[in-house]
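**Q** Here's the letter readout for the chains.
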Amino acid sequence: AQSVAQPEDQVNVAEGNPLTVKCTYSVSGNPYLFWYVQYPNRGLQFLLKYITGDNLVKGSYGFEAEFNKSQTSFHLKKPSALVSDSALYFCAVRDFLYNNNDMRFGAGTRLTVKP
Amino acid sequence: EAGVTQFPSHSVIEKGQTVTLRCDPISGHDNLYWYRRVMGKEIKFLLHFVKESKQDESGMPNNRFLAERTGGTYSTLKVQPAELEDSGVYFCASSPIGGASDTQYFGPGTRLTVL
Chain G
1 AQSVAQPEDQ VNVAEGNPLT VKCTYSVSGN PYLFWYVQYP NRGLQFLLKY
51 ITGDNLVKGS YGFEAEFNKS QTSFHLKKPS ALVSDSALYF CAVRDFLYNN
101 NDMRFGAGTR LTVKP
Chain X
116 EAGVTQFPSH SVIEKGQTVT LRCDPISGHD NLYWYRRVMG KEIKFLLHFV
166 KESKQDESGM PNNRFLAERT GGTYSTLKVQ PAELEDSGVY FCASSPIGGA
216 SDTQYFGPGT RLTVL
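As given, the protein sequences belong to chains G and X, one line each in that order.
Residues in the first sequence are numbered consecutively from 1, following our numbering.
Residues in the second sequence are numbered consecutively from 116, following our numbering.
Simulated from the structure, these hints should not be mistaken for laboratory data.
Predicted model, so just to flag it, every value in this text is computed and none were measured.
Be careful, since some hints might not be right.
For lysine-lysine, the following DSBU-like pairs were computed, each having C-alpha atoms within a straight-line distance of at most 30 Å [stated by the list, open to error]:
| # | chain 1 | residue 1 | chain 2 | residue 2 |
| --- | --- | --- | --- | --- |
| 1 | G | K77 | X | K159 |
| 2 | G | K49 | G | K114 |
| 3 | G | K114 | G | K22 |
| 4 | G | K22 | X | K156 |
| 5 | X | K159 | G | K58 |
| 6 | X | K159 | G | K22 |
| 7 | X | K130 | X | K169 |
| 8 | X | K156 | X | K193 |
| 9 | X | K193 | G | K58 |
| 10 | X | K169 | X | K159 |
Not the full set, but computed from the structure, chain X residues with beta-carbon under 10 Å of chain G [what the hints assert, rightly or not]:
| # | residue |
| --- | --- |
| 11 | E157 |
| 12 | F180 |
| 13 | C207 |
| 14 | T218 |
We put the beta carbon where it would ideally sit given N, CA and C, even for glycine.
For reference, chain X alone in the conformation it holds in the complex:
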């Protein structure tokens, strides 16, 4: 079974540019999550999709971030325009059922550097 995949693995952009991150969850997983880890700090929740619907987007930092999951399969996270403080590692995770006891399976992350 293929795991969660993310693309690209690294992205270096300049302040003000736009970047789009992609996540492909494990096949059949309805739940998809985005997290972010800023250098040396804890991994923070950004949002949660159930199929194509946003279940919880309370962790999105501001309106420069837009997440979509059209068709309920892969998801994209767009940052526009990027700021220096957006640098970090963006993780995607998926789970089959949802709920607090469910295990989330993580992708390798995308390391974003904003110069």
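Just chain G, same shape as in the assembly:
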């Protein structure tokens, strides 16, 4: 069965600094990995996903994530944080082996970017 861990409940960065939101996963087969963001009073918005190919995936709002198979990680990154990036971020995984629709989410990481 697949699972996701987001080891940090909270990440604080200063505006203009690089940010990283961590995610590790566990699957039986090959993973499909996703990042979603939830702004206050809004639904989950899709940021990016890794299916296959290049390990570095670029997504919306300048975010990118790097798939690392040996470390079973899919950390979300941005070179220069904005105050408007403050939100709740969720990592999710599906298992290619089972090709199911049961997406497993992490508990979420709250990112706060301070001016």
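Assemble the complex: chain G is given as a structure, and chain X must be docked to it using the hints.
**A** Quick look at chain X alone, frame taken from chain G:
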């Protein structure tokens, strides 16, 4: 293109009462999913519809929860009778194709509080 919509945005009910949540997926999306996030924890899968058929309902917590998608368009999730532990945010998502690599698009959620 309109996104996934959910109604109501908030619901406060007393233990033992009945509540019905509604989800309207993106037009043309055959796949519809329900998820739930209990306070501070991960988002958990409840069930998946393909058109009007339940493809996977393995995440439904118990028989107090009933989901329907008559006609394959909007879906309802009824909780009867509601218990305190049912409190949380209920998300609906839709996708056009299905399959493990498919992106799911989420609605804003319904925050349910059971007193």
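**Q** Let me make sure I understand: some of the numbered hints might not hold for this structure. Which ones are they, in numerical order?
**A** 9, 12
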